[in-house]
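My request is simple: use the sequences and hints to build the entire structure.
So the protein sequences, as listed, match chains A and B. The first sequence runs 1 to 310 under the working numbering. The second sequence runs 311 to 583 under the working numbering.
Don't read these hints as lab results, they were simulated from the structure. One or more hints might be untrue.
In the EDC-like style, the derived pairs of lysine to aspartate or glutamate whose C-alpha atoms are separated by at most 20 angstroms in a straight line are [what the hints assert, rightly or not]:
1) A/K226 <-> A/D204
2) B/K346 <-> A/D109
3) B/K346 <-> B/D422
4) A/K178 <-> A/E200
5) A/K183 <-> A/E32
6) A/K178 <-> A/E128
7) B/K346 <-> A/E97
8) B/K419 <-> A/D135
9) B/K346 <-> A/D135
10) B/K419 <-> A/D86
11) A/K226 <-> A/D210
12) B/K419 <-> A/E97
13) A/K221 <-> A/E297
14) B/K492 <-> B/D422
15) A/K183 <-> A/E197
16) A/K226 <-> A/E297
17) A/K221 <-> A/E200
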Amino acid sequence: MSDIVLSASDLTKRYGSFTAVDGISFEVREGECFGFLGPNGAGKTTTMRMITNHVPVTEGSLTVLGMEVMANAREVKSRIGVVPQDNNLDTDLRVLENLLVYSRYHAIDRKAALERAGELLAFFQLAEHAQSPIDRLSGGMQRRLLIVRGLINEPELLILDEPTTGLDPQARHVIWQKLRALKSQGVTLVLTTHYMEEAERLCDRLVILDHGRILVEGSPKDLIEKHAGSDVVEIRLEEGESAGDCLKALGGQVPDGTVAECSADTLYLYAPDGGKILEQIRIESGRTFLRRRATLEDVFLRLTGRELRE
Amino acid sequence: MREPAGPIQPVTARATSRVIPDITRRAFAVWFRDAKVWATFYKASLIGDLGEPLLYLVAMGWGLGKLVGTVDGVPFIEFLAPGLVCSTAMYAATFECTFGAFTRMTRQKTYDARLATPLSLDEIVAGEVLWGGTKGFFSGSAMILVMALFGFAGSPLALLALPLAFLIGLLFACLSMIVTAKAPSYDFFSYYFTLGIAPMFLFSGVFFPLHTLPQWGRTLAWFLPLTHGVNVSRAIFTGTVDLGTAADLAWLLIFSAGAFLVSVRAIRKRLVM
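In structure tokens:
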């Protein structure tokens, strides 16, 4: 058994003439957390749904745990866990019943299922809600229960499609902490997100996806260094001022190799090659500006552009 | 970007192309979920199952029966009851696999959750249809119980009507799954109920013997599945089982099997994109 848990090559999904995923290739190694980042409609969810065999692959190969997904759907799905983007908990059943019914789908016997459900509910701080109806749970608790359900078959690989979208900061932090704990127990995690912060905190490696293609691949740190440098200065342009005017006003302070980008009312200056030179820029008083560390969001926006995706 | 490991094969083995459905015993896990939810509300459900046939028997059998007198040599209420066993089974299974199944498939995303497990889509359809058949069985059994209380089901042969109720339930569950697979919204079901189920209820020999119809009417009725169910049921309760009954039974079995295969394909066509 190689240490590649998930591998895709030239993976393509077309709906009629629309190409949702356009020949992507990637490999996920055992025990890592691998992220898919991208704006809405980039093909993240379609990719996840091909991995979970909800959606047939149009072209290319997709191998999970050494097995071609479509030819071995049953075996693959018995060894992976799925946490979907849409909440599909069974609202006709209570918390524990949800897990027991789901265990039956996995052909896990009742005694083992009860034991596993008890452990997982405790680990995800849901033990006292075992007998609650689903609609009594908060959004964060429902999301945790979705993860518990995805783990009921002790999967080697857990697929999470936007695990924290729509949650408040407290609920997100609890989920992050639990996912890190799972990773340290050896579960391989694959997740999609459009929260850069989430990707930066959780992912060992990630790809940025746009229009169904992979733009870049790497660790968050490497991607930031390579595509955004270490520091960013954001300067709010004044009424009627162009980016050029603003740069001129800064005079010779902007070092060579600095990348300047303008979006609507803001000028972004990205320091070259991890340089900290931007710290020395003196900005005339009265201007609104922000000096900060570069983040994955800078990488993301530089690569995918700033126009709205709706 | 990495080079692909080998030549890329286009994927041709589409899940939708399989002729023989991919079904194992896991289908019972699907049935189990539906049964478990039903068990939570079983009291309300049983009142409906028992109450409705009782109302029909009293209103139609006694009320209308006073005016009608006898049909084919038996009091109207005794003529009517075996037909109602079949029609209640039909309605129970049809409601379950139209409104019930559609809700699970769309609004509640139950199928989506099931598809993330080792269940195949074919097993989900099989489990749902099995549950629809079970609902038909419950309703038909309730009617048989009411008949026994009225004293119309004295012969032990009446027990054969129990598996018949299940079979009729299965048949209409399969038909309903086809409708559900094609339904864009709940409104679609009112067409099915008005144009399919209501005529079935009225022209399958539940309320009057089909030999009173002209030849073309009888021919049309032969194509209605419920007609064959009513024939078998009446033969069971009047103790007149013969070769014709066997032919009706064969009709029901073949039609159910065909409807099941079509329902599996229809659901695949809707959900596998």
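Tested hints:
no., hint, result
1, A/K226 <-> A/D204, "holds (16 angstroms)"
2, B/K346 <-> A/D109, "holds (17 angstroms)"
3, B/K346 <-> B/D422, "holds (19 angstroms)"
4, A/K178 <-> A/E200, "holds (16 angstroms)"
5, A/K183 <-> A/E32, "holds (7 angstroms)"
6, A/K178 <-> A/E128, "holds (18 angstroms)"
7, B/K346 <-> A/E97, "holds (9 angstroms)"
8, B/K419 <-> A/D135, "holds (15 angstroms)"
9, B/K346 <-> A/D135, "holds (18 angstroms)"
10, B/K419 <-> A/D86, "holds (9 angstroms)"
11, A/K226 <-> A/D210, "holds (18 angstroms)"
12, B/K419 <-> A/E97, "holds (17 angstroms)"
13, A/K221 <-> A/E297, "holds (12 angstroms)"
14, B/K492 <-> B/D422, "holds (17 angstroms)"
15, A/K183 <-> A/E197, "holds (18 angstroms)"
16, A/K226 <-> A/E297, "holds (13 angstroms)"
17, A/K221 <-> A/E200, "holds (8 angstroms)"
Consistency note: the structure conflicts with none of the earlier hints.
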